[in-house]
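Just so we're aligned: the sequence shown equals residues -19 to -1, 1 to 308 in mature numbering (1 follows the signal peptide of the UniProt record, and there is no 0).
Among the hints, erroneous ones may be present.
Label pairs and their in silico Cβ distance ranges [said to hold, decoys possible]:
no., residue 1, residue 2, range
1, 85, 159, 29 to 39 Å
2, 86, 28, 34 to 44 Å
3, 57, 91, 21 to 31 Å
4, 28, 88, 34 to 44 Å
5, 51, 83, 15 to 25 Å
If you are wondering where the hints come from, they were derived from the structure by calculation, not from laboratory data. C-beta atoms are modelled at their ideal positions from N, C-alpha and C, and glycine is treated no differently.
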Amino acid sequence: MHCATLIGAAALIVSNVNAHGWLGLPAVTFRDGVDKTQFIATIEASTSGLSGSYSGSPAENTAAFTTAISSSKYSSLKDLATSLGQIVATGANIECGLTDPNESPQPLPDHLEWTHSDTEGFTSSHEGPCEAWCDDTQVFKDDNCAAHFTTAPAKMTYDKSGCVGASRLTFYWVALHSPTWQVYANCAALEGGSGSSTPSSNSTSSGQSDTPTVTTATPTSATATPTVTTATPVATTTPTATTATPTSSGSVAGEADEDCGSFDVAGSDEEDCGSFDVAGIDEEDCDSLSVAGSNAENAHVSESSLSFDNIDSSYKSGKVQPQPQYL
């Protein structure tokens, strides 16, 4: 009885030692029959080539590792793990561990999640660095994930824009609580992120297309009507005529100008007024509005003949030719 109890306890201890979590977001798929929580490779501190002592507390070991790797030949945690990691899990590989890289592609999440149970994300005693990569682009890095992300699941912000067009997100975690370092690696297939959403940490470019809003202005024209005063001649024997000079209100809308009331967008070159142009249309005539300057040469006012010479933008002269009246 006691023997069976001890065997069961030992099995539970071994299970808990190897049970340290997996990537929850984006979701990963494991091959059938594997322990998805176990580390897949190890690295011996003594043969790593990194300086420092790794027989202290998890926090002390992590601090020593952070200092050592920054001055080493390894450019990243991924570089060190894939170069030095020795596979210990049956069927695993150093790139993706026990996950299936050919799983159904996942959408890009707003944040990354590492989970172990309902009450634990990263195992708190397993301090050490972690990284996330979208193909060959690093999108997340932290020197001590277990100490800095303590929720269940652990939630980590990342550079979502760095995953645009990527086919795979790979997550690496190395636990440094003992001189034998534990390596975790998970891969998630991606749909090929659009990057349109703004990540919660780093800023991103949106590929949004803005359509300019154009407000059409309707030109308002005021037509000036010339005011003509006709003098009534008084005749005794020989009729006399009083010539009145017509007065005209001012010219309308500056007809001598080359641009009047035009609505121009993005640098048009039009010379005609009343035109509406978008994005540099080069037409010389486009629905121009002629006001108070028509080609009419004669106008009749109160049965008197009114003639104008050279009407162009203003009235230069007016002549009244009254009919004689005899008393």
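TODO: Could you work out which earlier hints the structure fails to respect and list their numbers in ascending sequence?
DONE: 5
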